[in-house]
Amino acid sequence: MSSPHDTGTRTEDRAGDGRTSPEDPDAAVLTRHQPPSLAASMHASLPRWAGAAAAALGVLVAAALVAVTDVHVALAVVVGAVVGVAAFVVASRVVEGERAATDRFVTALVTIAFVVALLPLVSVVWTTVSRGLARFDGAFFTQSMYNVIGEGGGAYHAIMGTLIITGVATLISVPIGTLTAIYLVEYGGDNRLSKVITFLVDVMTGIPSIVAGLFSLALFTLLFGPGLRIGIMGSVALSVLMIPIVVRAVEEMLRIVPARLRESSYALGVPKWLTIVKVVLPTAASGIASGVVIAIARVMGETAPLLVTVGLTASTNFNPFEGRMAVLPVFAYYQIITPGIPPQAFIDRAWTSALLLILFVMVLNVGARVLARALAPKTR
Amino acid sequence: MSRQIDVSDLDIYYGSFLAVEKVTMEIKPRSITALIGPSGCGKSTFLRSLNRMHEVIPGARVEGKVVLDGQDLYGPGVDPVAVRRSVGMVFQNPNPFPTMSIYDNVLAGMRLNNKRLKRSEADAVVEHSLRGANLWKEVQDRLDRPGAGLSGGQQQRLCIARAIAVQPQVLLMDEPCSALDPISTLAIEDLMGELKKEYTIVIVTHNMQQASRVSDRTGFFNIEGTGKPGKLVEMDATDTIFSNPSVKATEDYVSGRFG
Chain Y
1 MSSPHDTGTR TEDRAGDGRT SPEDPDAAVL TRHQPPSLAA SMHASLPRWA
51 GAAAAALGVL VAAALVAVTD VHVALAVVVG AVVGVAAFVV ASRVVEGERA
101 ATDRFVTALV TIAFVVALLP LVSVVWTTVS RGLARFDGAF FTQSMYNVIG
151 EGGGAYHAIM GTLIITGVAT LISVPIGTLT AIYLVEYGGD NRLSKVITFL
201 VDVMTGIPSI VAGLFSLALF TLLFGPGLRI GIMGSVALSV LMIPIVVRAV
251 EEMLRIVPAR LRESSYALGV PKWLTIVKVV LPTAASGIAS GVVIAIARVM
301 GETAPLLVTV GLTASTNFNP FEGRMAVLPV FAYYQIITPG IPPQAFIDRA
351 WTSALLLILF VMVLNVGARV LARALAPKTR
Chain H
1 MSRQIDVSDL DIYYGSFLAV EKVTMEIKPR SITALIGPSG CGKSTFLRSL
51 NRMHEVIPGA RVEGKVVLDG QDLYGPGVDP VAVRRSVGMV FQNPNPFPTM
101 SIYDNVLAGM RLNNKRLKRS EADAVVEHSL RGANLWKEVQ DRLDRPGAGL
151 SGGQQQRLCI ARAIAVQPQV LLMDEPCSAL DPISTLAIED LMGELKKEYT
201 IVIVTHNMQQ ASRVSDRTGF FNIEGTGKPG KLVEMDATDT IFSNPSVKAT
251 EDYVSGRFG
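Protein chains in written order, with the UniProt record's numbering: chain Y, 1 to 380; chain H, 1 to 259.
There's no promise every hint is true.
Computed footprint of chain Y on chain H; a stretch qualifies when at least three of its residues, placed anywhere within it, have a C-beta under 8 Å from a C-beta of chain Y [unchecked claim]:
no., segment
1, 91-99
2, 106-112
Cβ pair distances, simulated, as ranges [as the list claims (entries may be wrong)]:
no., chain 1, residue 1, chain 2, residue 2, range
3, Y, 359, H, 78, 55 to 61 Å
4, Y, 208, H, 123, 56 to 62 Å
5, H, 123, Y, 255, 34 to 40 Å
6, Y, 120, H, 123, 44 to 50 Å
7, Y, 373, H, 81, 30 to 36 Å
8, Y, 175, H, 81, 23 to 29 Å
Worth flagging that the hints you see were computed from the coordinates, not collected in a lab. For each residue, glycine too, the CB sits at the ideal point set by N, CA and C.
Given the sequences, and given the hints that come with them, work out the whole structure.
Okay, structure coming up:
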């Protein structure tokens, strides 16, 4: 009962003032070799709510400026932020010392940068949701614009068009992109061809999407004559944008598969192609799947290349090889650029289409994570 | 199943760099041959040339002969994939396939080669190989778990099970215990003693106690300096190498006086 208590007291003494009774030789040795006691380097710290208080002060200052003077809101916000950060850093310097104050200053800067980066995103989501909810109804998902002149109608034809055209684009891009990446990582090595391919993929990553659309238009015009507008033209245009993304994603995933896995497969007498198919690809499957899904999300909202290749139609068309198709981005574009009467009905449909596109991209991103987790190699 | 390997005048290159020069050695069947020597002396390179794993590295090639039971492994028309099926290999770091269960890891050599097996045959191969690798008792009730979830020593024994499941004639081991603790090391050394009844084993090791404990014959590789090729200095019965070697460099190395 008493012994643990005694030990505790002694420990407290040592930590407390760094000195113990001089007649204890062990303690004396310990003290001599100890670095400056931890307790001495400790200091008071700002309360936990200090950051929130500083932020509140900044908001207050900005609000007061707007209310009392006639400065622009943006300037008021900047002044408020500067005042808040300054107060925070000065308080920290007085209470906590210089090093902590620097830390607080950088923390404040990073936090502000984060908020600034987040603002447009929140604004876009807010605007789209608030304006898009007006037509987020059953009819929007089940009806096309066939025979609709004013209010009512829906984007069923455009939803289907987007799904079909991006679906076909995925079917074209994933095999080409994956095989290209396999060549680059497993076969090409550092040879001239793979250097050329890498260079071209880099260039393709940067081409403007309208160029992809014009490429597809020109290609189909050359093959089948002018004036053609069919879904597959849009898929080809999207593939041009998607292939480099897929190549990059798959390439990176294949490169992080450890060489020792390939070697142990070779050592079992497995030929190279089977090693790639059965060891390398499954090991990288998780990353490849999420890379592909993100590539789909990236091209799904493309407007310009689809505008010039698939055109627009008011009725539902499931056949990508014949006739024009509607897709959500182009549908939204025409609704807002050529409104009829009443105009609000057209504007509402455009916003709901935009909202739906954001939802698609979100679902795809979440799906990519789920897929990646499901395919990832497990250890238990 | 176990075969003799005769190596004659083997030069091993990385591109134009001669890494190992003029090795001639005889590897006896049903025995353990240990290769020792300082880092960079080419013993691992030599080991990898015995099942044509060497040429996986771009630019790597060999000159000379490696004859397994009368068949030159580097002869014209010999398929390196076929060579690796009869000369198995265990690596320094345990590397079970992360996407596969313990069961599938053992069968990897067959499954990956698209060989169809009946369930009963597959079960028999798995049990026989895991027993052979002294791992059966530890994993028999969790064969469907990922191989990557085992401890390092168990993973290494899983890799040995995987290597012997394809019934090779020779088993090459490249520092199989250097990433393992003493207890797992002991387990693997015991296992080697068992395996040599059926297989020809060649092991590269930095641990001289290990070489003297497990091997029947020992080869000492050395290198004269950076950029010079490694050479086989001496090869003899393990007892002779460690007690009464005929070359001074060997004696210096095994007794810790080198450099």
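Tested hints:
1. Here's how the segment 91-99 of chain H fares: 6 of its residues keep a CB closer than 8 Å to some CB of chain Y, so the rule of at least three is met and the hint holds.
2. Counting residues of the segment 106-112 of chain H whose CB falls under 8 Å from any CB of chain Y gives 4; the rule of at least 3 is met.
3. Separated by about 59 Å at the C-beta atoms, residue 359 (chain Y) and residue 78 (chain H) satisfy the suggested range of 55 to 61 Å.
4. A hinted range of 56 to 62 Å holds for the C-beta pair residue 208 (chain Y) and residue 123 (chain H), which are about 59 Å apart.
5. In this structure, residue 123 (chain H) and residue 255 (chain Y) meet the distance hint of 34 to 40 Å, their C-beta atoms being roughly 37 Å apart.
6. At about 60 Å, the CB distance of residue 120 (chain Y) to residue 123 (chain H) disagrees with the hint of 44 to 50 Å.
7. In this structure, residue 373 (chain Y) and residue 81 (chain H) meet the distance hint of 30 to 36 Å, their C-beta atoms being roughly 35 Å apart.
8. For the pair residue 175 (chain Y) and residue 81 (chain H), the supplied restraint of 23 to 29 Å holds, since their beta-carbon distance comes to about 26 Å.
Violated hint for the displayed structure: number 6, the only one.
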